[in-house]
Every structure is written in C-alpha cells, then in structure tokens.
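Start from chain A and add chain B according to the hints.
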Amino acid sequence: MSDLNKLGLAEARDALRSGKTSSKELTQACLSAIEGAGALNAFVHHTPEIALAQADAADARLKADKDAPAMCGLPIGIKDLFCTKGVPSQAGSRILEGFKPEYESTVSQNLFDAGSVMLGKLNMDEFAMGSSNETSVYGNAVNPWRRGNEDTALTPGGSSGGSAAAVAADLCLAATGTDTGGSIRQPAAFTGITGIKPTYGRCSRWGIVAFASSLDQAGPMTKSVRDAAIMLEAMCGHDAKDSTSADLAVPNFEAALTGDVRGKKIGIPKEYRMDGMPEEIETLWQDGIAMMKDAGAEMVDISLPHTKYALPAYYVIAPAEASSNLARYDGVRYGHRAKLEQGDGITEMYEKTRAEGFGPEVQRRVMIGTYVLSAGFYDAYYNRARRVRTLIKKDFEDVFAQGIDCILTPATPSAAFGLGEMTDADPVQMYLNDVFTVTVNLAGLPGIAVPTGQDRKGLPLGLQLIGRPWEEADLLSSAYALEQAAGFVAKPDKWW
Amino acid sequence: MSIDPSTAARVAKLARIRVEPDALPALAQEFNTILGFIEQLEEVDVEGVEPMTSVTPQRLKRREDVVTDGDQQDKVLANAPDAREGFFAVPKVVE
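Chains as they are written, first to last, in our numbering: chain A, 1 to 496; chain B, 1001 to 1095.
I should point out that these hints are in silico values taken from the structure, not numbers from a laboratory. Treat the numbers as computed from the prediction; the structure is a model and nothing was measured.
Only part of the chain B face toward chain A is listed, based on derived beta-carbon distances under 10 Å: (1) 1031; (2) 1033; (3) 1034; (4) 1042.
From the three backbone atoms N, C-alpha and C, an ideal C-beta is built for every residue, glycine too.
Same shape as in the complex, but just chain B:
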C-alpha cells in the first residue's frame, strides 16, 4: 500500500495538524517508510487469535456511582489560554 500526497493531506486533516502543501510529498514518503516496516505483520498467522484488550487479566474495579469531585472551576480554568466569565473561550463555532 502506498500513500500519496493527497492521502497524507487527508490524514493530516483528520489529525487536525496543519501541513503546508509543499511538505506533503516528504510526509507521504515518511509514512510509506513506516508503513513498509509495519507491513511485516502480514506474515503472521493471526487466525483465531483474539486482539489484546488488556495486558493484565484483571477485572476493572467498580465504584459507587456518586459524585467524588467537583467545585473547582477556578482550578480547571487556571491553565486555559483564554478563559472568560468562568468558561473556556474559543473562536465562534456557530454562525
């Protein structure tokens, strides 16, 4: 499988990373090198093998469905690049 610059552009868009058009051919080339390495996995017979979901066979712990935290608005907003009136501020998202 070979990745061309337009596929690289689509992946960059999905990842929400701006890549300038003139950088796309080199990026596609890097993807191809890495994917070429990954494609060795096709040699492995995985018939009937379950995909791993958890490396340690442990049941996730359950807890009471109650509020354990909260009331920390100032702390939550403390590191925001733009916080106003107790909210995160972002460019307009609705016309």
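One chain only, chain A, in its complex shape:
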C-alpha cells in the first residue's frame, strides 16, 4: 500500500486486520512524512525509537490476538500538554524546559494500553492559552492550508495547533488535543479535520498539565467522525486519580454511528448570529441546516439568552483557575529556575523565574486571574462570573428539556487567519475566536467540529454540533450524518 500516512484510523485498522500492512510500515510512513514537514513545525519532540518499538509490539499483538483493540498499531501524535513518561512535556512553555515526567498521563496510558504508537509531541500555545499557536515557546505551528496561490503562512488555530496541522498534513493518522474554550474545535475547523471535546469528566485530566481545571477536557483530532468515535472510546473512562472523572460505562461510539437523524430535533440558536459575522460563515451555517433537514431532522429555532456573556465569564473563570494552577511553577520542583544575583532571596527567585519562564499571554492571564481573585474583587468578578456560568448552563438545560437532541452552530467566526495578522490587535480580539465554542466548556457539554465547506479562497470551514451531557454516542451519530451530507474531501496541496 502507498501513502500509508494518509490513511485514517478506521482504514488503517482494517488494513492491519486484513494483513495489507503492518504497524511498522504505517509508523515508518508517518515518520518520513514528519521528517519532510519541518516547515509546519507541528512535531516539536520526535520519538521515533519509542514509535518503532511500540509498532513492533503492536504487530506482535495483532498477530497473537485477533481481538486486539481498534487503536492497536495506529501511529498518532500527542499534544505537548500530556505528560509522557521520560519524554519532554513542556506545555509549549519555557518554564517546563527540560521537564521529563516520571509518570504517564491517564489518557496517553489508555491509548498505549490499546496499542497506539506515539510518533512524538505536538506544538501548542503555551499552557493552552491562545487561539493561533503563536504563544508557543517552540515558535508558530503553520497551517498546511493556504489561501489559493498566496504563500502567506496561516495559523492552524490554537491551542491544539500542532495537532491540527499534523493531522491535516497527514503526518500522523490522528492526534490528541485538549479543549478549555475551543482548543480542539477551532483548530479542527481551521484545518479541515474533525475534533470532539467530550462531556466534562469523560476523559481523565490526570497527567495533563492543568490550565483551567473546571473547563479542561481532552479529546481526539481526526480525519473523520468515525475515527473520532474510535479514538475517543480508547481515551476515556473512569480514573480514580481524577476525582472529577465520571464513573460511567464507556459506550461503543463507533457502533452508534448510524447517521440516522430522522425525527431528531436540532436546535438553531439565534444568539449565534453575530454582528459582523462574515457572509461565508452564515452561508455555511444555512447549508448545514439544509443538509440536516434533508437528512430528516427537524430544525427548531431556539434561544440561549446568555450566550453573549459566555466569553466575558470565561475570561474571569479561566484566568482565575490558571493563576491558581500555575502557582506551582516556582523554580523549585521542576523546570526553569532563573539565575540569581548575590543577595537574592526566595521571592526574587519566584519573581525572576516566572518572568523568564512564562510568555506574555500566560503572564497576562495569571495576573488577570490574580486580580479577579484578590480581596475586594472576588465577589464583583469571580463570583459574578460563576453565577453567570450557572445561567449559561441553564440555557442549555432548558432547550434540552424542550426535547432538543443537539444544537448546530458555526465552529468559528472566520476561516484561518494569517500568522502575525492579529499581533497589533488587543488581546480581546483574539479571544473572540472562541465565541461559538466557549459556551460548551462553561456548560460541560460535548461539542464536535466537522468540516463542511470552504471559503472563496479555498480554506476549510467547519460547523459545530453540541450534544446533551454524556450523549457523545448520539452526538457522533448526528455529526456522521452531517459529514456524509457535506461530503468534505478537500486536502491542502503539499507545499512544505
């Protein structure tokens, strides 16, 4: 078989089962693709020795056990936010330079237990704070897509930008991502791939570098909805090491992919029609509505009245949690410690270490979080934001109580923008990227981005489906119907 790196998970699994290829061949194909894709800056720590050893073990397992898990032998990339034993895990930050965890995150362990092969670690915004991968200590990851014939380098989105670029450019069959405000779904939409953030608690957060603990969830970034179902099943499950991990049975997500949406009620929230939204996004959304209607779903106009307040609430809650979580980076236990002057004490060590180790966006968010939690402002900002969060969640509960099965929205307010194009904008302009995705994190719901169209310059655009809590199986099936109807098959022309 040729171009093995271009396969999706399901196709590769089937090819392994029928003996048409081996995990070693799949892995070697991906390793050569990675070697030739330095210009994308997607893989930032390469682990070919681990990959080839895992591939050999997977080939032996596949030979011995015809019931080996679906992920067995499939080469994937791991976002740098996941702690991987003995392999650099820096969360895209200078402050974790040289950090090699002595333990494995639960999600990556689950994937390895299922036989997955790790090709390396993927670029990301520093501590997952960003929407363009431009805050990474490793430099920008680059989107394999370009605007027509222009050679402007575009962002793959963020924070899981390296994961998105790597999957879209066929450097791996799939990748892990994490999503705190849209960090799986926005980059998936910017690169024409599929990405699902499951219900809060579906995946264990243990061993994933924490950003905002009440919002963070891991999920797969894949070449199809079927692949997302296969990989999500391998990633999730109860974990005693994460007290917020749900003790619920993990369904067979792939078996639930009927793509039958007849009679399903799909909500169209009027508040997601934003002022100044490009016409192409509105058209994409209308096309999606028509597709789901043709497939037999009932489209229902709904209202989620507090949508407008989701981003401001998020920019209180996420920085507040980040300021607390990132307090651990003090130059004592791991990572970077600043060089000290004669007479410097422990406070100078903390302050210099954190000034050198954190980039500007991380510093900004830690300080905003510190401010909203400080005496005198805690009620006005933090508690108010948590009250608004309750109302945002209630908006969703109300529409689900009315019988809505899932909600269809755009995934992003635009196509991928140029790297550097937002440099002079104020930070809030960048935050607006997450306007359609952040509500889902605040409400703890599952959300999936599916590529359904392209803009005038050929860049991919995605729609988002939002599901009921714990009903990823039903959500994936609806997404499968959307994927079938949209028939998105475009790939970026190789320039790298």
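Below, chain B alone, put in the same frame as chain A:
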C-alpha cells in the same frame, strides 16, 4: 474601574511575576482592555443565582483514608533545578 500602574505593580507582586517599572503603564492598559470586556457581566441579573461549583452534578468519590503511594523520593526530585541530599534546595528563607 480603571487600573493604574501602581495597581498593576501590586497585581504583579501578588502573582510573583517580576515586571520592570517601565512596562507597567502598558500592562495596566492591557488589564483595562480586558476588564472593560469582562465588565459586561454587570448587565446580567444574577439575583438569587448560585455560583457554579461543579459543572456535572456528581458527588465526589470517597476512598479509604490510607496511604496509596509514596517511597519515590528519587522520582520526586528527578526534575528539580537544585536537589541536594534528598531535598529541594532553595535560597535562604530564614535569617
């Protein structure tokens, strides 16, 4: 509410991040932009609404209060910038 450079300096101190004095005005300006955006929340009627503590209504699991881990001093210290004699080493904290 407007943040001036001296408030920005206080926040930086609380966050234990060194910010040079000449960078404080720009930092204060950025805080004001972000807080201006956040202040939209004042429009929302939150009377009688409980602040969210947990997004999924689940009772946290309990476990036996027993030692489940430990005896890994070398692993705990393996990534320390400065570890000596089985401890983390830091600048002098007590005179």
